[in-house]
Amino acid sequence: MKFLIFDAGPIISLTMSGLLQVLEKLKKDFKGEFIITNAVKREVIDRPYKNKKYKLESIQVQNLLDKGILKLSSEFVDENKLNKETDKILKRANSVLQTTYNKKKIKLIQEGEATCLAFANLCEGESVIVVDERNTRLLGEAPEKLEALMERKLHTLLDFNSEFAQITNKYKMIRSTELMYLAFKKNLLNLEKDIETLDAILYSLKFNGTAISSEEIEEIKRLTKK
Amino acid sequence: MNEKEFGSFEEIQDMSNISRILKESKQAILVKDWMKLKNLSNQTIHSATIHQDPVNIVIAVLVYSFSKVLQRESYQRMKEWDLFYKYILENWDLMINASQKNKKQELLNYAGEIRNYLNNMTGNLGEYIKDIFRKAEINKAFKLYEHGISSAQTAELLGISLWDLASYIGQSNIYETHVNNKISEKQRIKLIEDFFK
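As you go down the protein sequences, you meet chains A and B in turn.
Here the numbering used here is used: position 169 in the first sequence is 169, and no number is missing along the way.
Here the numbering used here is used: position 52 in the second sequence is 52, and no number is missing along the way.
Derived from the structure by calculation, the hints contain no laboratory data.
Remember, predicted model here, so these are calculated numbers, not experimental data.
Take these hints with a grain of salt, some might be off.
[Said to hold, decoys possible] Which stretches of chain B does chain A cover? Using the computed rule of at least three CB atoms under 8 Å from a CB of chain A, they are:
| no. | stretch |
| --- | --- |
| 1 | 43-54 |
| 2 | 97-110 |
| 3 | 185-194 |
Beta carbons: idealized from backbone N, C-alpha and C, even for Gly.
The shape of chain A in the complex, shown without the other chains (with noise of 0.2 Å):
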């Protein structure tokens, strides 16, 4: 089984840039499950349900989870395993990096990522994270990258733990860009497929919170082109 495990950012951003129904298709595209846990249920439907500003956004996600688009991880993993194993990333993956001075740990990935993160280590088979948040990408991506731009960022030594930092480094993921350049491809967005729509679909993903650069977004359109 293939599982699509999407963190709260890309929903988001998906929805603000009016692009959430193109999961439906590109569901019907893919030989697996789409999943968000409970934690990103919360973020992405029950406090946004809450709030009357973003309460039609938090319908439309539900729409897709009451249609089977989306599914719940706990329909897969055991919720209380999920949540132990949770505990053991956000411990792991908040202890790689601590000031030199005072050796303050810093916190980089909260609750919803982590779970993320937990229920690809447990499910029982491939599966791939949509994540837009850097930190989180870089923690399970190349964690030794986060030592200099954390130190640039917050103009101060940092010292990286090397044990930890092995025990997050395993993860596949993607963007939101990445997955609506996918939909781009197989002509599922019910728009003229030229890169002027793609140009249009991966600012608005990056304006609503998609951690992406200008250039990635040109190297993005540079391989429609070839």
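Dock chain B against chain A, hints included.
Same frame as chain A, now just chain B:
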């Protein structure tokens, strides 16, 4: 249960910094020096990124909000102003006292009381100030995020919605900074194309 008055060396050092910020802010509020308040708020947000604790963040939001309130001189001519100003100065003193005794929770409680007071303010001044605070929270959230704190962590620290934060993050140019990713765009796209086969 009595609150612990002595923490680790770094906690005491941090509280001493908060105490300094509060005292200097009080002086700035008295002379209505909003620029000084803005600078003090920026100093606090730097500590907040390292410590990621609610005290620094609450103080950063409060100090920044008051810099904005004082910047708008017309507010000071509104009829609710005197009462509001007196309340703030009294509670500011209470916050200073709590910080000097290293009583973190007590300090947070007083800051919370200021927020409750503002939330319950009626009239035009109340509406304007509430709006300033809401924008200050988003502004500080954005600053934290620009300092490398994740969006989820930022949202949690400030008690704001990830949805609110998303559009602000989009306006940031922090992702224009080149990070030598381990996986190229081409590889990432191949990964998802293969996954869908």
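Consistency of the hints with the structure:
Under the rule that three or more residues need a Cβ within less than 8 Å of chain A, the assignment of the stretch 43-54 of chain B holds, with 5 such residues. Judged by the Cβ-Cβ criterion of 8 Å, the stretch 97-110 of chain B is not covered by chain A as claimed, because only 0 of its residues qualify and three are needed. With 7 residues carrying a beta carbon less than 8 Å from a beta carbon of chain A, the stretch 185-194 of chain B meets the three-residue requirement, and the given coverage holds.
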